[in-house]
Amino acid sequence: MNDRNFLERTKQFALYLAELQTVLDPESYALLLRILKGFNEAIVHRESGIDIPFSPREKELFTPEFGRVLTRLAGFLGPHGMHVVVGTHGSPPPAAEHDRSEVDAIARASGMNP
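Here the sequence shown stands for residues 1 to 114, where the numbers follow the UniProt record's numbering.
Check before you lean on any hint, since a few could be wrong.
[What the hints assert, rightly or not] Derived CB-CB ranges, DEER-like: (1) LYS59 <-> ASN5: 16 to 22 Å; (2) GLN21 <-> ASP51: 35 to 41 Å; (3) ARG34 <-> ARG108: 16 to 22 Å; (4) PHE54 <-> GLU8: 19 to 25 Å; (5) LYS59 <-> GLN21: 19 to 25 Å.
[Stated by the list, open to error] SDA-like, lysine to any residue: derived pairs with alpha carbons at most 20 Å apart: (6) LYS37 <-> PHE13; (7) LYS11 <-> ILE50; (8) LYS37 <-> PHE66; (9) LYS59 <-> LEU36; (10) LYS37 <-> THR71; (11) LYS37 <-> ARG4; (12) LYS59 <-> ARG34; (13) LYS11 <-> PHE62; (14) LYS37 <-> PHE62; (15) LYS11 <-> GLU27; (16) LYS59 <-> THR10; (17) LYS37 <-> ILE50; (18) LYS37 <-> TYR16; (19) LYS59 <-> GLN12; (20) LYS59 <-> LEU77; (21) LYS11 <-> LEU32; (22) LYS37 <-> GLN21; (23) LYS37 <-> THR10; (24) LYS37 <-> GLU27; (25) LYS59 <-> HIS45; (26) LYS59 <-> PRO26; (27) LYS59 <-> GLY38; (28) LYS37 <-> LEU17; (29) LYS11 <-> PRO53; (30) LYS11 <-> LEU77; (31) LYS11 <-> LYS37.
Since the hints were made in silico from the structure, they are not lab data.
Think of the CB as a built atom: it goes at the ideal place given N, C-alpha and C, for glycine as much as any other residue.
Use the sequences and the hints to build the structure in full.
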């Protein structure tokens, strides 16, 4: 990663975050900052994922539009951006369970540990 690219992405991140502070309601912006804090901790500790528990109210705030905002912000982070996957703690839908077992089978066939 070159410094010029990093600095440009950092600038874009800061500009977009400043814009969001003016357009998001205070609750949504506070949630966004809490999630970004989790992103920061994952980057600093070189973790591959984070788990941020949401209150019922925060789940209401996490709309598809909020998810798009978060995904755009995450794209500015890291050499190839960060990927956002949002899930719930519960039983996955049948299609997700099937997809997961397929991915695990492919990993095993490739000699990897799923």
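Status of each hint after checking the structure:
no.: 1; hint: LYS59 <-> ASN5: 16 to 22 Å; in the structure: violated (35 Å)
no.: 2; hint: GLN21 <-> ASP51: 35 to 41 Å; in the structure: violated (26 Å)
no.: 3; hint: ARG34 <-> ARG108: 16 to 22 Å; in the structure: violated (37 Å)
no.: 4; hint: PHE54 <-> GLU8: 19 to 25 Å; in the structure: violated (32 Å)
no.: 5; hint: LYS59 <-> GLN21: 19 to 25 Å; in the structure: holds (22 Å)
no.: 6; hint: LYS37 <-> PHE13; in the structure: holds (14 Å)
no.: 7; hint: LYS11 <-> ILE50; in the structure: violated (24 Å)
no.: 8; hint: LYS37 <-> PHE66; in the structure: holds (16 Å)
no.: 9; hint: LYS59 <-> LEU36; in the structure: holds (16 Å)
no.: 10; hint: LYS37 <-> THR71; in the structure: holds (15 Å)
no.: 11; hint: LYS37 <-> ARG4; in the structure: violated (24 Å)
no.: 12; hint: LYS59 <-> ARG34; in the structure: holds (13 Å)
no.: 13; hint: LYS11 <-> PHE62; in the structure: violated (25 Å)
no.: 14; hint: LYS37 <-> PHE62; in the structure: holds (16 Å)
no.: 15; hint: LYS11 <-> GLU27; in the structure: violated (24 Å)
no.: 16; hint: LYS59 <-> THR10; in the structure: violated (28 Å)
no.: 17; hint: LYS37 <-> ILE50; in the structure: holds (10 Å)
no.: 18; hint: LYS37 <-> TYR16; in the structure: holds (16 Å)
no.: 19; hint: LYS59 <-> GLN12; in the structure: violated (27 Å)
no.: 20; hint: LYS59 <-> LEU77; in the structure: violated (24 Å)
no.: 21; hint: LYS11 <-> LEU32; in the structure: holds (18 Å)
no.: 22; hint: LYS37 <-> GLN21; in the structure: holds (16 Å)
no.: 23; hint: LYS37 <-> THR10; in the structure: holds (16 Å)
no.: 24; hint: LYS37 <-> GLU27; in the structure: holds (15 Å)
no.: 25; hint: LYS59 <-> HIS45; in the structure: violated (26 Å)
no.: 26; hint: LYS59 <-> PRO26; in the structure: holds (15 Å)
no.: 27; hint: LYS59 <-> GLY38; in the structure: holds (16 Å)
no.: 28; hint: LYS37 <-> LEU17; in the structure: holds (13 Å)
no.: 29; hint: LYS11 <-> PRO53; in the structure: violated (29 Å)
no.: 30; hint: LYS11 <-> LEU77; in the structure: holds (11 Å)
no.: 31; hint: LYS11 <-> LYS37; in the structure: holds (18 Å)
In this structure, the hints that do not hold are numbers 1, 2, 3, 4, 7, 11, 13, 15, 16, 19, 20, 25, 29, in rising order.
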